[in-house]
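Offset between the sequence shown (1-based) and this note's numbering: plus 4.
Worth double-checking, as some hints may not be accurate.
Below, computed lysine to aspartate or glutamate pairings styled on DMTMM-like, alpha-carbon distance capped at 20 Å [to be verified]:
hint, residue 1, residue 2
1, 527, 434
2, 332, 239
3, 317, 350
4, 527, 239
5, 317, 327
6, 317, 299
7, 317, 434
8, 527, 396
9, 527, 427
10, 332, 350
11, 527, 583
12, 527, 337
13, 317, 393
14, 669, 638
15, 332, 306
16, 332, 427
17, 317, 583
18, 332, 319
19, 317, 306
20, 332, 354
21, 317, 265
22, 317, 269
23, 527, 350
Label pairs and their calculated CB-CB ranges [to be verified]:
hint, residue 1, residue 2, range
24, 523, 95, 35 to 45 Å
25, 544, 201, 25 to 35 Å
26, 169, 192, 49 to 59 Å
27, 130, 544, 41 to 51 Å
28, 277, 640, 36 to 46 Å
29, 265, 239, 24 to 34 Å
Think of the hints as simulated: they come from the structure by calculation, not from any bench. Cβ coordinates follow ideal geometry from the N, Cα and C atoms, glycine included.
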Amino acid sequence: MHIHRYIEMSAPPHVVRDLLVEQPPFDGERLGELWRWQDELWHVEQSSFDDGRILWHGTCPALPSVGFLLSATLHDAGIATHVEMHLAVTLPGGPWNILRTRRRDRAIAASLDAALDTLRAQARQSTPAPIAPCELPDDPQQLAEALSATHPATVAAFSQMQALPSLQAIAQLDRRWQATEAGAFAADVYQQVAALPSTLANFDLIYAGGGLGVLHAAVMARRYNYRILLFDRGEVGCAHREWNISDRELRALVTIGLFTEAELEQVIMRRYSDGVVRFHPGQSAVRPAELHLPEVLNVALDAAGLLQLTRAKIEQAGGIVLDRRSFKRVCVEAPGRIAVEVEREDGQREHYGGRVLLDGMGATSPLALRRFAGQPFAGVCPTVGTVVEGLEQGPAPDQHHPEVGDILVSIDDTQRDRQLIWEGFGGRGDELTVYVFYYDLLKNQAAKNQEPRTKNLTEEQRRPEGTRNQEQTSTTIPPRLRQWERGEGGEGQPPRSLLDLFEDYFLLLPTYKRPGPDFRHIKPVYGFIPARHTQRRQTVPLLPGVLPIGDASAQQSPLTFCGFGSHVRNLHRTTTLLDHALRRDLLAPAYLSQISAYQANVALNWVFSRFMQPWGAPNDVNRLQNIFARVLNEIGVDVAMRFFQDQMTWRDYGRIVNHTLAIYKAIIPTTLTVLGPRESARWFADWLRFSVAAAEAALSRQIGDSALDSLTARIDRIAPGWAFRIAARRAEWQAMGWHGTAPGAQI
């Protein structure tokens with residue numbers, strides 16, 4: 005009999021080798037020079053080789069015809085070790101003992117698996133993953149000192165970048181996200197009242213958050229002349245991520261009248277000639293298949309420069325921009341009548357009136373948490389990185405080629421049971437923005453928490469925007485993380501943490517790109533990028549008076565997680581529809597819910613993102629993604645580009661699925677393993693809804709724009725709400741390239 009196993013051990017190779025030498029990977033008992041295993045006594049000889057192999061040869065003195073050969077081959081994965089195990093056992097044959105042999109085969113396999121589980125646990129204990137302490141001081145210098153023992157590489161890099169305030173912001177974001185995962189939310193951030201409080205000033209639109217919402221606010225102020233207020237807990241126009249996009253998509257900012265081409269050129273750091281999708285071949289029989297996408301995410305932008313330029317546009321149009329104002333709550337009297345309470349750094353409160361609050365407060369938005377009762381997202385990509393310079397330049401995959409960007413790249417199999425994905429795109433000079441991230445599925449942690457969700461929140465949890473009381477000296481976190489620090493977390497991963505991921509990032513970065521003699525980190529980039537799984541435009545009603553945008557809405561692709569690209573592609577759609585709603589006073593949740601970046605073809609990508617999460621062997625993700633890259637190569641780069649730019653048609657999806665089935669029949673059992681029967685049925689239901697949407701779009705194209713315009717105008721005179729819904733659906737089809745502005749694809 006032969007048994008093969010390929011596993012990950014969360015320790016470096018020298019530690020794993022020592023563990024294997026001390027305790028061979030079978031659950032036997034040492035008795036002097038012999039081992040008792042499977043009810044027999046064995047003589048075992050061990051041999052080690054320089055190429056990373058360890059061999060055990062076992063003979064049974066009582067049964068000369070019985071023996072085994074066990075081999076372990078170690079592969080260095082930086083922060084982990086991948087181990088290939090092969091066990092060959094010679095057993096007495098004959099038809100008279102077939103059943104006995106099968107039982108013994110199962111027992112031997114179970115014995116090997118039990119021994120490997122024990123070794124994996126020992127490896128985790130010998131080299132624990134970095135987990136930040138439970139209590140972290142708010143002072144940046146004290147924070148660095150507190151992390152120096154568990155996160156030395158992170159502290160060293162942030163100190164070199166003079167970015168300790170950013171380290172503090174990341175620690176606070178970690179705690180807010182972990183509270184989100186625990187199901188915590190503050191109910192009092194949204195209140196429906198009989199009368200609004202007195203306000204300092206009144207506006208048409210109030211934007212909370214100075215990220216992607218800045219672009220939206222600028223269009224509403226400049227193109228539609230609305231009175232705009234925009235505030236942020238920090239400085240509006242500062243960014244902790246860098247963005248990339250294609251030229252064709254970026255041109256939408258010119259078409260909508262927000263920028264001139266000359267202005268955009270000022271914030272374009274680099275255009276590169278090719279983008280690469282490449283997955284590690286690893287220990288797999290599947291041949292690697294690089295995917296080259298020259299017009300996908302090939303323009304690198306200075307995010308801070310773009311936001312500062314946009315801020316100036318808002319102020320030139322008469323909009324008000326307030327720095328260092330933290331959101332406290334919104335009071336709603338009726339649709340179109342709201343008041344927003346904010347807090348200044350000195351603790352003073354201010355109230356501003358408006359018609360609609362646009363929630364751009366990101367993944368930990370208190371309003372998104374309130375709306376979804378603490379469970380706003382289905383998946384997340386924890387993402388960290390830095391802007392660096394001084395990498396070794398050259399054409400090799402682990403060198404920096406300024407004209408080539410890495411869109412999705414893996415450099416190893418799983419590490420700490422996560423499939424890490426790298427992204428790199430050039431900036432000014434020899435700068436490179438590097439991200440590492442992984443896909444993860446959010447479990448319903450609130451169901452496990454027996455405590456009330458809203459009564460026992462700490463003040464920090466009630467302040468999802470990270471405001472700090474000057475008298476507060478530390479940040480309190482959910483009890484679940486305390487259990488992990490004490491070693492009581494059980495199986496699985498500790499709570500997701502950007503600090504912990506940063507430590508792995510700094511250790512692994514040289515395996516992604518080789519540092520040169522003048523290498524240095526310039527600034528950190530980071531964030532939790534959330535996503536939802538739904539084929540319906542609305543699963544939970546909007547809070548009256550509140551319209552989510554950006555990460556608070558989480559309508560970007562659950563595969564590419566490109567929130568900036570999604571926001572820009574849908575900017576004309578969402579601003580035009582909001583103007584329509586404001587002019588017609590269609591501000592009830594049923595109408596505002598039509599104003600989003602939701603796309604039927606993007607929502608279907610959820611199933612693809614599930615295959616980016618490990619489900620069995622360490623090389624499962626890489627093996628399947630190499631097959632998928634081959635599929636996209638063979639059916640054509642035009643389909644691949646539409647797939648990565650959220651323009652996928654119904655016909656494209658069918659070609660992808662059918663071609664995958666043709667070259668990889670095992671995709672069906674693999675899908676059932678990854679999704680399970682229930683989620684597989686849900687995927688089929690998603691596909692049916694997607695098909696209905698495609699049929700509706702095809703019918704609208706047959707009717708024609710002029711006929712639809714005439715029909716919509718007639719309906720508008722009778723039922724403005726229905727006319728608005730029709731306009732919203734047509735705008736969605738245009739954003740997807742399915743209607744009117746399609747970049748050349750049949751639905």
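Going through the hints against the structure:
The straight-line distance between the Cα atoms of residue 527 and residue 434 is roughly 14 Å, inside the 20 Å bound, and the hint therefore holds. Restraint check for residue 332 and residue 239: satisfied, since their Cα atoms lie roughly 17 Å apart, inside the 20 Å limit. Pair hint residue 317 plus residue 350 does not hold up; C-alpha atoms about 28 Å apart against a cutoff of 20 Å. This hinted pair checks out: residue 527 and residue 239 have alpha carbons roughly 17 Å apart, not beyond 20 Å.
Proximity of residue 317 to residue 327 is assessed by CA-CA distance (about 16 Å); at most 20 Å being required, the pair is judged to hold. Proximity of residue 317 to residue 299 is assessed by CA-CA distance (about 29 Å); at most 20 Å being required, the pair is judged violated. Simply put, residue 317 and residue 434 have alpha-carbon atoms about 30 Å apart, too far for the 20 Å limit, and the pair is violated. Simply put, residue 527 and residue 396 have alpha-carbon atoms about 19 Å apart, close enough for the 20 Å limit, and the pair holds.
For a cut-off of 20 Å, the pair hint linking residue 527 to residue 427 stands: about 16 Å separates their Cα positions. With a C-alpha separation of about 14 Å, the suggested pairing of residue 332 with residue 350 holds against the 20 Å cut-off. Taking the CA atoms of residue 527 and residue 583, the gap is near 38 Å; set against the 20 Å cutoff, the hint is violated. Our distance criterion of 20 Å between C-alpha atoms is broken by residue 527 and residue 337, whose separation comes to about 44 Å.
Distance hint between residue 317 and residue 393 is unfulfilled; the C-alpha atoms sit about 31 Å from each other, more than 20 Å. A C-alpha spacing of about 17 Å is found between residue 669 and residue 638, which places the hinted pair at or below 20 Å, so the restraint holds. For the suggested pair residue 332 and residue 306, the alpha carbons sit about 31 Å apart, so the restraint of at most 20 Å is broken. Among the hinted pairs, residue 332 with residue 427 is inconsistent with the structure: their alpha-carbon atoms are about 36 Å apart, more than 20 Å.
For the proposed pair residue 317 and residue 583, the alpha carbon gap of about 18 Å is at most 20 Å, so the pair holds. A C-alpha spacing of about 24 Å is found between residue 332 and residue 319, which places the hinted pair above 20 Å, so the restraint is violated. With a C-alpha separation of about 17 Å, the suggested pair residue 317 and residue 306 falls inside the 20 Å cut-off, and the hint holds. About 10 Å separates the Cα atoms of residue 332 and residue 354, which keeps this hinted pair within 20 Å; it holds.
Simply put, residue 317 and residue 265 have alpha-carbon atoms about 15 Å apart, close enough for the 20 Å limit, and the pair holds. Distance check on the hinted pair: residue 317 and residue 269 sit about 16 Å apart at the alpha-carbon level, within 20 Å; holds. For the hint linking residue 527 to residue 350, the alpha-carbon distance of about 29 Å lies beyond 20 Å, and the restraint is violated. At roughly 56 Å, the beta carbons of residue 523 and residue 95 sit outside the given window of 35 to 45 Å.
Checked against the hint of 25 to 35 Å, the pair residue 544 and residue 201 passes, with Cβ atoms roughly 27 Å apart. Between residue 169 and residue 192 the Cβ separation comes to about 29 Å, which falls outside the hinted range of 49 to 59 Å. Taking 41 to 51 Å as the suggested C-beta distance range, the pair residue 130 and residue 544 conforms, at roughly 45 Å. Separated by about 20 Å at the C-beta atoms, residue 277 and residue 640 break the suggested range of 36 to 46 Å.
Distance hint for residue 265 and residue 239: a CB-CB separation of about 28 Å, consistent with the stated range 24 to 34 Å.
Of the hints listed earlier, those the structure fails to meet are numbers 3, 6, 7, 11, 12, 13, 15, 16, 18, 23, 24, 26, 28, in rising order.
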